[in-house]
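Construct the complete structure from the given sequences, taking the supplied hints into account.
One line per chain: the protein sequences are E and H, in this order.
For the first sequence, our numbering assigns the number 252 to the initial residue and increments by one for each residue that follows.
For the second sequence, our numbering assigns the number 35 to the initial residue and increments by one for each residue that follows.
Possibly wrong hints are sitting among the right ones.
So the derived label-pair ranges between C-beta atoms look like this [said to hold, decoys possible]:
| id | chain 1 | residue 1 | chain 2 | residue 2 | range |
| --- | --- | --- | --- | --- | --- |
| 1 | E | Q438 | H | S269 | 44 to 52 Å |
| 2 | E | L410 | H | G96 | 49 to 57 Å |
| 3 | H | L104 | E | L453 | 27 to 35 Å |
| 4 | H | R58 | E | L410 | 40 to 48 Å |
| 5 | H | Q39 | E | G440 | 53 to 61 Å |
| 6 | E | G440 | H | R58 | 52 to 60 Å |
With a cut-off of at most 25 Å between alpha-carbon atoms, the simulated SDA-like pairs for lysine to any residue come out as follows [as the list claims (entries may be wrong)]:
| id | chain 1 | residue 1 | chain 2 | residue 2 |
| --- | --- | --- | --- | --- |
| 7 | H | K168 | E | V323 |
| 8 | E | K329 | H | K80 |
| 9 | H | K100 | E | Q462 |
| 10 | H | K47 | E | A269 |
| 11 | H | K168 | E | L330 |
| 12 | H | K80 | E | Q452 |
| 13 | H | K48 | E | Q462 |
| 14 | H | K168 | E | R456 |
| 15 | H | K168 | E | M385 |
| 16 | H | K168 | E | Y328 |
| 17 | H | K168 | E | Q272 |
| 18 | H | K47 | E | M458 |
| 19 | H | K162 | E | A270 |
| 20 | H | K61 | E | G472 |
| 21 | H | K162 | E | A269 |
A few chain H residues that face chain E, going by a derived Cβ cut-off under 7 Å, partial list only [as the list claims (entries may be wrong)]:
| id | residue |
| --- | --- |
| 22 | F113 |
| 23 | L115 |
| 24 | N120 |
| 25 | Q121 |
| 26 | F123 |
| 27 | F133 |
| 28 | N137 |
| 29 | Y138 |
| 30 | R142 |
| 31 | A198 |
Hint data in this document are derived by calculation from the structure and do not stem from the laboratory.
Even for Gly, the Cβ is constructed at its ideal location relative to N, Cα and C.
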Amino acid sequence: MNKMQKALHELSEMDELAARQSPIHSLHPAAKLITTIVYILITLSFDKYDLSGLVPMVLWPVIMFQVSGVDVHTCFYKLRIVLPLVMAVGLFNPFFDKEIMVTIGGVGISGGVISMITLMLKGVFCLMMSFLLMATTKIDSLCAALRKLHVPAMLVSLLQLTYRYVGVMTEELAVMTEAYSLRAPGQKGIHVSAWGSFLGQLLLRSMDRAQELFSSMMLRGYHEHFHYADIRPFNIKDALFMGLCIAFFFLLRYADIAQLIGGLFVR
Amino acid sequence: MIEFQNVSFAYEKKEYVLHDMSFRIEKGESVGLIGANGAGKSTIMKLLLGLLQGEGKILIDGIEVKKDTLGEIRAKLGFVLQNSDNQMFMPTVYEDMIFGPLNYGLSREVVDQRVDEVLKRLDLEYLKHRYNHKISGGEKRMGAIATILAMEPQAILMDEPTSALDPFNRRLVINTIRELDQTKLIASHDLDMILDTCDRVILISGGRIAADGPAKEILSNKDLLEANRMELPLSMMGKK
Ligand SMILES: Nc1ncnc2c1ncn2[C@@H]1O[C@H](COP(=O)(O)OP(=O)(O)O)[C@@H](O)[C@H]1O
Ligand SMILES: [Mg+2]
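Below, the structure written as structure tokens:
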């Protein structure tokens, strides 16, 4: 298998993860979607120097991994391409913000370093939660849930088609890189001079296929209603899950957990 | 059941790929649409399904193919795409099979029953809960056919149903097609398959009908086939 085919295979495996059984998988997609959004908003709302406040937020993804049976390694393995990008966001903070904020064992740590770590963690936490959502919820159920929440049909279809389009594009990319490497033996990657035509070809080819795929959906009566997705009524369990989670997030956000836990040991 | 009346079509302005084409297919017929690459076979199928709009009139069961009749028309027609990867877009075969019928408003119980019937008929029960990215090309083609049958269409259109299949799977697909009792329109340049599955053949060349008649007659006419960039089916070669 070449690299691309492997990436493709991984993408399809998300569907398999999402089809498993666990208490989290069986929750209503809307409940999971809303909790995830609230989690992300709360995580992003921490002050850029509030590292000690942010760290306890990791508790939630940890619990979710446990209960849903999704493997943490799988998560980081699949996110290995995006993770560095998200982490790179704060990379330059230490150069701009050199004022010493804390001293640990005689070594001064600047505000820049702290805000860099805070930003990185925010990125990692949010990615983990998004991954967990995708790994425990089928894309079509998620779309059906979005429609129930009155998100415009146009947007929901766009999300659903993008999900499929990414798959199609990776497939075409796999075929093209293979064809290229066969004619350029011993060469690593694709030579810069070929990037333009390569990208153009890729877009045309994947657009053609996406068009076919969309036709095939239309021919089978697709009209943005998601009749075919498994979706059951929202029940008390879902509401309870959502309520408890959100309460928990606010607790993590506004109670000083680090100090609480610290206090247990000191006193 | 299917009627073309003076249909012309051009993808780009003025460059016609179909010229003033007329033909009629009756209910229950199995018709092979043959012609070299680029003859216009796929274009004919797409016009029929309303995926493309041309000049002239196309009627399905007496209903004209137009924007506001598309829903009705498409419920009558099942289209098996040339590339099954584009047809099977849901995670599993089962989910693909229920997609169409549920969209047309059938209840889950009815649909589940249909799915089981179709899978049983095609001997494909083992495929039901398999993931589409983990089945072979041949299985995927059979899955695509099952997906269309689950919609219980009145007519089945297939674009190159045996392309890219090994001999075993090709034979399996041919046998399956032979057992279908719907009206069939099959586009292909696999003339042996057409001979096995169709009673009538329409030969397309350069966007025009070059011949239309009984399959045995047209497919044994060496000169006619060669003039249109095709060869006699293997099974016709020894005969005179
Ligand atoms: N999307 C398109 N845009 C422009 N020309 C097209 C397109 N699709 C097909 N054609 C042209 O239309 C003609 C008929 O194509 P097609 O119906 O696909 O033939 P067949 O299926 O018989 O091989 C060919 O000359 C082809 O180049
Ligand atoms: Mg074709």
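Structure-based check of each hint:
| no. | hint | verdict |
| --- | --- | --- |
| 1 | E:Q438 with H:S269: 44 to 52 Å | holds (47 Å) |
| 2 | E:L410 with H:G96: 49 to 57 Å | violated (39 Å) |
| 3 | H:L104 with E:L453: 27 to 35 Å | holds (31 Å) |
| 4 | H:R58 with E:L410: 40 to 48 Å | holds (44 Å) |
| 5 | H:Q39 with E:G440: 53 to 61 Å | holds (55 Å) |
| 6 | E:G440 with H:R58: 52 to 60 Å | holds (56 Å) |
| 7 | H:K168 with E:V323 | holds (24 Å) |
| 8 | E:K329 with H:K80 | violated (39 Å) |
| 9 | H:K100 with E:Q462 | holds (20 Å) |
| 10 | H:K47 with E:A269 | violated (47 Å) |
| 11 | H:K168 with E:L330 | holds (22 Å) |
| 12 | H:K80 with E:Q452 | holds (24 Å) |
| 13 | H:K48 with E:Q462 | holds (23 Å) |
| 14 | H:K168 with E:R456 | holds (23 Å) |
| 15 | H:K168 with E:M385 | holds (20 Å) |
| 16 | H:K168 with E:Y328 | holds (21 Å) |
| 17 | H:K168 with E:Q272 | holds (20 Å) |
| 18 | H:K47 with E:M458 | holds (21 Å) |
| 19 | H:K162 with E:A270 | holds (14 Å) |
| 20 | H:K61 with E:G472 | holds (23 Å) |
| 21 | H:K162 with E:A269 | holds (18 Å) |
| 22 | F113 | holds (5 Å) |
| 23 | L115 | holds (6 Å) |
| 24 | N120 | holds (4 Å) |
| 25 | Q121 | holds (5 Å) |
| 26 | F123 | holds (6 Å) |
| 27 | F133 | holds (5 Å) |
| 28 | N137 | holds (3 Å) |
| 29 | Y138 | holds (5 Å) |
| 30 | R142 | violated (9 Å) |
| 31 | A198 | violated (13 Å) |
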